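Participant: Chains A and B are the protein sequences, given in the same order.
Going by this note's numbering, the letters in the first sequence line up with residues 1 to 353, in that order.
Going by this note's numbering, the letters in the second sequence line up with residues 1 to 626, in that order.
Just so you know, these hints were derived from the structure itself, not from any lab.
For clarity, every value in this text was computed on a predicted model and none was experimentally measured.
Where hints are given, some of them may not hold.
Claimed, not checked - For each label pair, taking beta carbons as the anchor points, the in silico distance ranges come out as:
(1) R245/B to H157/A: 53 to 61 Å
(2) I392/B to I97/A: 33 to 41 Å
(3) N161/A to T38/B: 29 to 37 Å
(4) L17/B to R38/A: 53 to 61 Å
(5) I97/A to K252/B: 22 to 30 Å
(6) L19/B to V192/A: 34 to 42 Å
(7) P71/A to E81/B: 44 to 52 Å
(8) E127/B to N282/A: 54 to 62 Å
(9) P71/A to K252/B: 32 to 40 Å
(10) V40/B to Q112/A: 25 to 33 Å
Note that beta-carbon positions come from the ideal geometry of N, C-alpha and C, so glycine has one too.
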Amino acid sequence: MFGLISILVRGLQFGIDFKGGTEVALEFSNPIDIAEVRNAVENIGLGNVEVKTFGGSLGILLRTELQQLPPEVIPTVKDKIESLIQKAAPGVEIKLIDSTHTALTYDFPDAQSANLIYDKLFEAGFQTAKASVEPENTAVVVRLGIADWIKENLSEHFADNPFSVLKEDKVGPKIGQELKTDAIIAVMLSLVVILIYLGFRFKFVFALGAVIALFHDVLITLGLFAALYGILPGINLEITISVVAAFLTLVGYSINDTVIVFDRVREEIKIHKSLPIIDNINRAINKTLSRTLITVFTTLLTTLVLLIFGGEVLRGFAFALLIGMITGTYSSIFIASAFVLEAVNRSDKKIEF
Amino acid sequence: MKEIRFRLFLVIGAFALSLYLLYPTYQDYKNNVDVSETLVHLEDSLKESSPNLTPTEIRELITAKKDSILANTPEYRSAREKRIKLGLDLQGGMYLVMEVNTAKLLERLAKDPDEQFFEILKQAEAESQLSDENVVTILARLMQEKNIRLSRYFGSIREDDAQIIARLQEQESDAVTRAIEIIRNRVDQYGVSEPNIQKQGSRRIVIELPGVAREEEAKRLLQGRALLEFKLVKDADFAIPIMNRIDEVLAKSIGIDSAQVADTTQQLTEEEFAKQHPFFAIARLADPQGRIPDAYVKESDKPKLNAYLQREEVKKVMPDNVEFLFDAKPIVGDDGEKYYRMYMVNKTPELTGGVIVDAQANIDPTTSAPVVSMQMNAEGAREWARITGSNIGKRCAIVLDGVVYSAPVIQSKIPSGNSQISGIPNLDEAKLLEIVLKAGALPAPVEIIEQRTVGPSLGQDSIRQGFNSLWLGYTLVAIFMIFYYRRAGTLADIGLIVTVLLILGVLAGFQATLTLPGIAGIVLTMGMAVDANVIIYERIREELNTGKTARAAVDAGYRNSFSAIIDSNITTFFTGIILYQFGSGPIQGFALTLMIGILTSLFSALIVVRMMFDYMLNKGQKINIG
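Just chain B, same shape as in the assembly (with noise of 0.2 Å):
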């Protein structure tokens, strides 16, 4: 008993460590199958009182309200986090690759790019599309093959190209780090269970949503801009006259003669005076003596007045650096329709949400309405501080990918770089604005290249039968064992359950995802698992032929297979190394699990299968190996 007893403390300590880890898994399955069974009454009740539901609308209702105990109930939420991960193959969502656009950034940093410029950029697009070397290094070849110095769009004329491109490069991968940041912060607010996000290669970006089915929004939220712009708004003085123009020329357009423009001071029917006034008619000034330039477009009316807006010759008559914008929320008229107010804005933006470094959402205690308060860095407030500073009686509009929240009229210079969004209906809305503004916006565009969506109930088959396959597999090559080498096949077995309890311990321990190609690797360590106790089994056999009692061929037997099992699976090692290092998604899965398979395996083989020979050796028991 002495000889083995350190062994002895070291199996069971680690079967019961493996046990402790994989806890949390059993535990979270209960609460699964606990949560499933209350829900079924809500989904009668359900169906009872809102009989107009849909059958997605349902399901969709159910998943989310299941979704919101397992991660709201703490002790639910503690088994979830420590079970064994299971890979999208296996739960279903969806799969995405993403790759950081960083030409229209280059785009954007270039200063006066000019045709010449954009040529190059878009055939250094077009070749970044088949390698993976950065754009920034194609652009620059491209150009020193035509003999255009970088300074002449980047940077200043005193610095050679190499500074440039270096502190090109910087921000290139600088915008992938933050295009990441940002898409995990869309992803957390938007509240996936366990979502998997990496960086992959030099400007690509790995994103695993488990559960996302619907893809079209999850699109939206991980490409959506959010582009935040403060922007003035034109005075009176300025506005009325372009609206007026605009009004004219629309008149004149739709063919009506001047005779019957100039005959405005009396009372006209709307008929009359949508014909006489196009603009007006449709953008009703909130302020008829023209004091403010704002209108209030019928929500119906857009379109129109969007198309009216593209028309040659209005776009004549207003200056290049003004547009349009409306406010985010209609109001509703006292004919019940809904009008959105209308802003004439500088088309360059003072200052871009860049700057804001966070935002709260609060209830103002004085109008007791929803407001997001921001925070900016210091650069920010700095600008603000001068912008609002040479400002003061004029409004600022807030717009958030091109549309207004709010155009407040500026007080006074604001010196600490806080500012504040009001006009938001809800506080609800408030919060969704307060995750988009710390979230900021993706520095440059990003595209999807793959993707790969798995439905549930594939996933739901592909667990069924994985377990299946691993049952069946260690029922057949146990029962091969104990038939072939008998009490010493026996022994086998047992090894073989803690390797495949030690798999799954340390896959829970390490946080590993468990896929399906992972289970296939499970499944394939039991064939290949016992190798090293048949290496063993049959030296010893071999060892008892040549007249060795049996504790010296057992001995015997497993120093001389040391060496041959040791080699083997090093080299077998080694290849899951390299699939682990050149596979992507499952098949790191699978090259994961082959290496935790081979340790585990050995250290069942030659330690615990070992102890249990020792223990029957000291016993007197006899060895029978078939």
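Bound conformation, chain A alone (with noise of 0.2 Å):
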């Protein structure tokens, strides 16, 4: 209920990964204050973007859901762009012959001056390549990305605070939300093929009680994933594929914890037939109490060193996990057995194996 709750309050924050649009990672030479970044990135007209920290003091996190710059930011950036050339060559001719939304073509009068120009636009944070490989070329085609406009920006206004470049994404809307799709239907079709594949070895109350418990699991780590959003300092809550790889990891491992607790409960009725199912069930969960115990300790051990040591791309799918073993640990004892005691109960049919 919790995690229904607080998902519908809070909404999840999708990573671009399904939303689409452009990150960038940077890391300064030096310590750097994220609101001088946030105060740097304000002006140069993209609108809304978000900085975060990524790692350590050093990593600052770009995002946008813009995927190419707004045609109102061209011609500011053309200007910067022309008056960098002009700096690295002064005086040298500036020949536009070629301009689309996404770059730039310049030519210069000879290969020298336009091998210059590639290489400081490109110190500056631009995107360059020479037109051809030719090593008479004298045309430098600039690309205008919305990462690049960032980058320029921000080393003009950090010059004392080199930083270089650790990733850089962009992803389409369409790619997306297919993502989003296909996300989702591997989470369902997992569920199905685990109730097919529990009904079959077990009973079919069994699959279902192992399938509620699942859902249990994956709500309360998503709502989780909701409700600290923002709130916890140092780790990112988005939803990126990762965390959706974590889900499924999640899935697995909980689903692993309920079936040894039923093949437990299995062994027993068919000892203690007279039992009744409650004390079976009860006589299960106390001999696997301790393995499950263990088990979940030693998977947290090293949960907890990927969620510290793992770095900054995997903190997210660990926490993601420790979360998961938490609650798949105590609902394979507390919400799969209780499910099956309870409809065993209700249908009053004995349950044989």
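Dock chain to chain to rebuild the complex, using the hints, since each chain is given by itself in its own frame.
Facilitator: Shown next as structure tokens:
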């Protein structure tokens, strides 16, 4: 219930994997104040750009939902590029030979100045390329990308604190939508497959109980993601592709746990045919309890190691697993088994293997 | 000893096999270190010898050098090919998802497309942006809704819609396959080590370019058109009058009165000439007598000339079916300026590069100039024979992406389908041309819909963090197991090492790619792999409590926990399969390691550890289970 409410109230924050947009991670050479970066980014005409820390105190993550520079910014960018060219090679003749909404192509009188400008613009943060690989090439293509524009502005603003680009992602809205659908299908499909396999190996009631327990785990973890987003410092709680992977791993882990308890229940029922089911379930849970605790302990150890030492990229993934492990462990006892018990008691049927 | 001999062989075999499979990875790592060491000197000497190189340039040179050493030394290369592949997130590089724009293809296939057709096509394209349905299906549906028969634009009137749709769909999927082939060729030639190119869905191409950081260059390589055309060059009789007319209208519109224009017999100063003949002042005829209609244009004048040709009044006097094209290479005049030769050619090509099946860069033995020989397919050869046969004495321009490479005079009918491009300045260029011709032109434009770039430093960090987590995870779990299960715990720890070794061995053996989530998968496996051991040990403890002997307890423990272990691992395995099926890139890497992890940890828990137990029991050693 908690999970559902928090999803409904707070909503889920999807990463650009699912939303589409541009994301740039930078690493500065000296510690940087995030508020300062935020101020610097605010005035470059891109509207809303998210600024967050990435990794330690040197990393900055910038994100916008745009995938292309808005048309009204392009003239400013163009002026900027041309003034940079003037600075790099004073007095050079600037000839724009091609202009699209994603790239500008300049032609220069000689190859040397073209090479110089190519390097200078690249250092300033623009993505440049020579129009051809011939040594006497004189045309330089400058890409008009959001990331480049941000980088250029920041490198100017923080001239005494150079940075390097750690990663740059650009995802189109179509891909985002598809990934979302795929993720949902994947989670649903794995639930169905589990339902079928367990129904086949045990009884349908057991399979149903296991799947309900899984629903519960996923829901609570998802709910925590929604509830804690932006509250928990240092952890990026966005739903990205790797978090979805974590959810599926969680489904796998949690079912593992449930199956082991069920297996023991099955064994107890075979041995003590006359005992009421509640006693058999109790005996099974008690007998597997130490195993459950030890396994969850060792897995939590490794998950914690990943959370702390695995680096920024894996943090959301490790967090999802951490929460999932805990809920997964108790749900196999208190939800899956309880459901089976309840269902069996209501149906008045005797379970036999 | 006898009972465990078979298992011992199995275990030692598996162990040795994974060591064998992992050896190239170790070797490659060592080679890398060695080569880097030798290159330190190179960096210093580079800095000394050419101080004006920028740091970026030096870095580029060093990387290029390193790559070429690693790729070209045979022993280095074989290690490199067999090592565990690292994903882009670990080594840095570009990940691109491209989509073939098949709407453009349909536009080209359509006969007499009219406004209505373009409107429907546009609509279909928009719809295809939101679904994975192919454009042909959408187009066909939209046409049927409007009650238009497909045969109006495609195929012949006798064919029904279903036939046409089937054929178009085939052409659509053909185009995607060809685009992949062409992109693969180009990437191979570009020299990226270990690129990965895959088809995804109906018209997507996933491309991974490790180590490539210059996006724009890579994109040019992938999206470049490489359109080869053979176009007939117009004769002087046809071209010169048109050029004269262009000159006239330009002179008029730039504002010179006719009285002055008439006065052309006198010697004119250059300035006056430029005023009276704006066109010929820029485009100087190669032959003043006007026998050859080619003209030379100074490099700096090219934009001006293009601006002239764009003028409305010029467009009016220029026939629709011709155009001006420039040579690819300029010649340097006596004044040191670069001049480009300009040709007037037919707009419609006689033949396009699609017919080229092979190309070869060579040195022409008679002139010792580089040439590229091309071989056409049967259909192309037939066409080529017809074209050359009926145009003897005329020139045919060989045009690549709108630039003329050579324009030889057709001497005789060429029946074999062989032809040659000359006029290439050096052999390197000829090689490049060979690549592009062989790779061919993209059948339809490709668009980038997703792009991820990982810098090399993040990749390094990720590897370090990943392996730190691996060690730490292992140590913690191992200490706990020894603490809790004493000697049996030690056995489980040995089993764990076998598990990790086997996972890496299998990854190397299957040429799978290790990604950061993949490492996370291994770390996680450490935690979960002991699960099987824990289940068994707990069971053995229980059995011991009921008063069984050690041997009986071990047997019962293994027997009774078998179904639980198998059932639970199979369900987890299922989610791994699903993850693999629906995930992309790094996620598939994770799913793969998870699945391999399940299998190997089962192997080590049920066979390796069991074997050690049996050995100890046979020797009469005490089983110590905490």
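Participant: Tell me if the beta carbons of I97/A and K252/B are separated by a distance inside 22 to 30 Å.
Facilitator: 28 Å Cβ-Cβ, so the 22 to 30 Å window holds.
Participant: Looking only at beta-carbon atoms, does the pair E127/B, N282/A fall within the given range of 54 to 62 Å?
Facilitator: 59 Å, holds
Participant: R245/B and H157/A, beta-carbon distance inside 53 to 61 Å?
Facilitator: Taking Cβ atoms as reference, R245/B and H157/A lie about 57 Å apart, which means the hint holds.
Participant: Using the C-beta atoms of P71/A and K252/B, is the stated range 32 to 40 Å upheld?
Facilitator: 38 Å, holds
Participant: Is the hinted range of 44 to 52 Å satisfied by the C-beta distance from P71/A to E81/B?
Facilitator: Holds - the Cβ-Cβ distance for P71/A and E81/B, about 48 Å, lies within 44 to 52 Å.
Participant: Could you check the hint for me, namely that L17/B and R38/A are 53 to 61 Å apart, CB to CB?
Facilitator: At 54 Å between Cβs, range holds.
Participant: Is 29 to 37 Å a correct range for the gap between the Cβ atoms of N161/A and T38/B?
Facilitator: The hinted range 29 to 37 Å holds for N161/A and T38/B, with Cβ atoms some 34 Å apart.
Participant: Return holds or violated for the Cβ distance of I392/B and I97/A against the range 33 to 41 Å.
Facilitator: Holds, since I392/B and I97/A (Cβ atoms, about 38 Å apart) stay within the stated range.
Participant: L19/B and V192/A, beta-carbon distance inside 34 to 42 Å?
Facilitator: Distance hint for L19/B, V192/A holds at roughly 41 Å.
Participant: Taking 25 to 33 Å as the hint, is the beta-carbon distance of V40/B and Q112/A inside that range?
Facilitator: 29 Å, holds
Consistency with the previously given hints is maintained throughout, with no hint failing.
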